[in-house]
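Asker: For chain A, the structure is supplied; the task is to place chain B on it using the hints.
Protein chains in written order, with my numbering: chain A, 1 to 350; chain B, 351 to 764.
Calculated from the structure, these hints are not laboratory results. What you were told as hints is all true, and nothing was included just to trick you.
Mimicking DSBU-like on lysine-lysine, the simulated pairs with C-alpha atoms at most 35 Å apart in a straight line are:
1. A:Lys335 / A:Lys77
2. A:Lys104 / A:Lys170
3. B:Lys421 / B:Lys399
4. A:Lys77 / B:Lys657
5. A:Lys335 / B:Lys631
6. B:Lys657 / A:Lys335
7. A:Lys104 / A:Lys152
8. B:Lys705 / B:Lys657
9. B:Lys657 / A:Lys96
10. A:Lys217 / A:Lys335
11. A:Lys335 / A:Lys216
12. A:Lys169 / A:Lys104
13. A:Lys335 / B:Lys705
14. B:Lys545 / A:Lys335
Some, not all, of what chain A presents toward chain B, calculated at C-beta under 10 Å:
15. Glu31
16. Tyr33
17. Ile36
18. Ser39
19. Leu40
20. Trp56
21. Leu57
22. Met61
23. His65
24. Asp66
25. Leu67
26. Pro277
27. Glu278
28. Val290
29. Leu333
30. Pro334
Where a beta carbon is used, it is the ideal one built from N, C-alpha and C, also for glycine.
Listed below, chain by chain, are the residues.
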Amino acid sequence: MSVFTRSQADREALLLPELASLTAHHRANSEGYERILASLGIAPDADFATIADLPWLPVRMFKTHDLKSVPDSEVFKTLTSSGTTGAGASRIYLDKEAAGAQTKQLGATLQEVLGGERLPMLMVDTIGIIKNRRSFSARGAGVLGMANFGRKHTYVLDENDQPDVEAVKKFLAEYGDKPFLIFGFTFMVWQFLYEVARDHGLDLSNGILIHSGGWKKLIDRAVDNSEFRRRFKEDTGLTRIHNYYGMIEQIGTVFLEGPSGNSLYCPDFADVVIRNPETWEEQPVGEPGVIEVVSTLPRSYPGHVLLTEDLGVCNGIDDGDWPGKHFSVLGRLPKAEARGCSDTFSGAAA
Amino acid sequence: MTTLTQRFPLSDAVSVGDLVDELRAAPPGGRLRVGDPRIVEFVTKFARKLLAPATARRFPELASLGFFLRKGEIAKALSTLDTSGSALRFPRGLVFHVPPANVDTIFVYSWALSALAGNHNVVRVSSRSAGAAEAVLEALNAALSEVDASVAEAVTATQRMVTYDRSDEVSGALSLAADLRVIWGGDGSVAALRKYPLAPHARDLTFPDRSSFAVASVAGWQRASAEERRAAAEGFYNDSYWFDQAACSSPRAVFWVGDEPGAAAAGSEFRTLLASVLAAKQHVTEPAMAVQKRVSAYGAAVDGLVKEIAFDGNGLATLELTDPAILPREWLGAGTFANARVSSLSDLVPIVLRKDQTVSQFGFTAEELTAFAHELAGRGVDRIVPFGSALTFSAVWDGYDLLHEFSRLVTVQA
Numbered sequence: 001m002s003v004f005t006r007s008q009a010d011r012e013a014l015l016l017p018e019l020a021s022l023t024a025h026h027r028a029n030s031e032g033y034e035r036i037l038a039s040l041g042i043a044p045d046a047d048f049a050t051i052a053d054l055p056w057l058p059v060r061m062f063k064t065h066d067l068k069s070v071p072d073s074e075v076f077k078t079l080t081s082s083g084t085t086g087a088g089a090s091r092i093y094l095d096k097e098a099a100g101a102q103t104k105q106l107g108a109t110l111q112e113v114l115g116g117e118r119l120p121m122l123m124v125d126t127i128g129i130i131k132n133r134r135s136f137s138a139r140g141a142g143v144l145g146m147a148n149f150g151r152k153h154t155y156v157l158d159e160n161d162q163p164d165v166e167a168v169k170k171f172l173a174e175y176g177d178k179p180f181l182i183f184g185f186t187f188m189v190w191q192f193l194y195e196v197a198r199d200h201g202l203d204l205s206n207g208i209l210i211h212s213g214g215w216k217k218l219i220d221r222a223v224d225n226s227e228f229r230r231r232f233k234e235d236t237g238l239t240r241i242h243n244y245y246g247m248i249e250q251i252g253t254v255f256l257e258g259p260s261g262n263s264l265y266c267p268d269f270a271d272v273v274i275r276n277p278e279t280w281e282e283q284p285v286g287e288p289g290v291i292e293v294v295s296t297l298p299r300s301y302p303g304h305v306l307l308t309e310d311l312g313v314c315n316g317i318d319d320g321d322w323p324g325k326h327f328s329v330l331g332r333l334p335k336a337e338a339r340g341c342s343d344t345f346s347g348a349a350a
Numbered sequence: 351m352t353t354l355t356q357r358f359p360l361s362d363a364v365s366v367g368d369l370v371d372e373l374r375a376a377p378p379g380g381r382l383r384v385g386d387p388r389i390v391e392f393v394t395k396f397a398r399k400l401l402a403p404a405t406a407r408r409f410p411e412l413a414s415l416g417f418f419l420r421k422g423e424i425a426k427a428l429s430t431l432d433t434s435g436s437a438l439r440f441p442r443g444l445v446f447h448v449p450p451a452n453v454d455t456i457f458v459y460s461w462a463l464s465a466l467a468g469n470h471n472v473v474r475v476s477s478r479s480a481g482a483a484e485a486v487l488e489a490l491n492a493a494l495s496e497v498d499a500s501v502a503e504a505v506t507a508t509q510r511m512v513t514y515d516r517s518d519e520v521s522g523a524l525s526l527a528a529d530l531r532v533i534w535g536g537d538g539s540v541a542a543l544r545k546y547p548l549a550p551h552a553r554d555l556t557f558p559d560r561s562s563f564a565v566a567s568v569a570g571w572q573r574a575s576a577e578e579r580r581a582a583a584e585g586f587y588n589d590s591y592w593f594d595q596a597a598c599s600s601p602r603a604v605f606w607v608g609d610e611p612g613a614a615a616a617g618s619e620f621r622t623l624l625a626s627v628l629a630a631k632q633h634v635t636e637p638a639m640a641v642q643k644r645v646s647a648y649g650a651a652v653d654g655l656v657k658e659i660a661f662d663g664n665g666l667a668t669l670e671l672t673d674p675a676i677l678p679r680e681w682l683g684a685g686t687f688a689n690a691r692v693s694s695l696s697d698l699v700p701i702v703l704r705k706d707q708t709v710s711q712f713g714f715t716a717e718e719l720t721a722f723a724h725e726l727a728g729r730g731v732d733r734i735v736p737f738g739s740a741l742t743f744s745a746v747w748d749g750y751d752l753l754h755e756f757s758r759l760v761t762v763q764a
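Just chain A, with the same shape it has in the complex (with noise of 0.2 Å):
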């Protein structure tokens, strides 16, 4: 059954109530919740007209603090990711309830564009990224759990991380006359995926890729999404291609890219809200901002409502490839730095 259902009135309707109750739910079990929306002067009884009314927090909060809304006794999984501002790691508290929700919502969510068996898939990835749990990396943890949609797993770089032609094309030689799925992360992908199936011209015309980690190593190379489109298009046949946004921070959602390329959308369970950074209130269609991820699974922590520090702008509200808003993100917000005399930063001597 599809996710991608609602229209944005709809969405308002059936969310807005329940992220109510989540908010309520956070404040009555998370005290430093309760003691953030307290300051800001928000009534318990507060009412919320709108999605967008909602307080957010920043997502960095779940790198400086601990916020849980379940005990100690009921944290099944503790998630951390250590991010690209190099600002500590996010730590995710998951009871039992919340780590089955967001595993199945993601199926939900993927169902969408892959059906509903599990296909062949391709990782472009090393199989190293998962050998070693200790050091597990946010990209360790992504194809880990994107490897459970699949079946019959072939990584595309060898253990010295070097593209292995053969095992491609032996994969496809075995799959490729039937529908598969391709998951990496975007630079990856272009970098061993593309570049050798242009190389060697391998045949991708039946794969589904899945691709997500943004653009910015890809700029170098002026390969926007569109241009990522075009030349897989081109040179491999491949044109089911779908981008997606989510984090660590709200695992189990993510905004997943239509068919026509270019714009995200929401999953029913989540909405996105573009905030303007000088007013913080909601951007027009078009107008870019900060994007605000908003979603109904996160119960064992308060992350349904938080700011990201990237910048996006909405596309259109129900005029996509599929109902709700849709979006683009554009970047991240360039970091916070301060000139001052202590060691804002670090390691400055010697």
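Answerer: Okay, now just chain B, sitting in the frame of chain A:
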């Protein structure tokens, strides 16, 4: 072998061994004296370059520096070194300065005072220096070409500003060669440099992490005219926003001293005035900084330090403390102020730590402030200054009389 880039005087890269040898030699024209006229002439010429309208407009902090180094100011500072009786004052020798990477100009104050005390100096300028620091180096090099040849020779022989990549070899050799090592830039920098031993007779002059707060008298506020209140907000703006509130001497908390209703009224009027100063100065807060402030403010709430958070736009965040004793001392983002009330300055005495550097004040009398200082008894707080003067550098800094630190005494008895 690591070489050092010579930024002032502009010259070829040099090995640390050669640099130390050159700096140890007596300069042409004879060893520098305390207040050596050659250095005074050079520094004065340099100050005039900083005060040139084009430079001062681009970097207002350089105008302050130029003002500090004018001939009259230098003479006044040097006059504090007059010794009586049989003690003679001499330079310490070779001084190695390690300034912070992220304050563009502090290395110049430290270097200039040390040079005026007659020392040979080597200053490590960060490779990340930019803007004002580059302008300083340009002005120094320009001044050098405009002074008498004899002055230029003496300066070139004794004063060096260098850049080098992180290197145990260089930091170690310069530390060992130094008679005095001056470390700015916080606890981390001090700890990192202390790995390198000094010569047995040498010592460190350190400027570790500090934090500062403001005090405002409720009675003083009530006595003040509308104009004085407005000026207080402007002064406070300069103290706080010039270096994104990250300078050690920028206030991070504001204590209103007096009765509760008076403090509430004064505090709220002050906040409104400060917000209007921000608007008038067209202060811009980068979105990332605005988010940083939310993270800090919400974090303080989670930690139980704060009972009320108020935002006046992105530029000004006020955090009402649950208890004045738990003021946050770390940087929370540009324009984020902890706020609390106390009944008297005496209430702050137990709260003060050695780490506290500057108290910016409004509305107190000299007697009240002196009594406060006596109560603190040197346990913390190095300077008490009016709103608007928090960032004004002085030859007495962090409790050190710098010219005295940069020189030594020799006694002679016949």
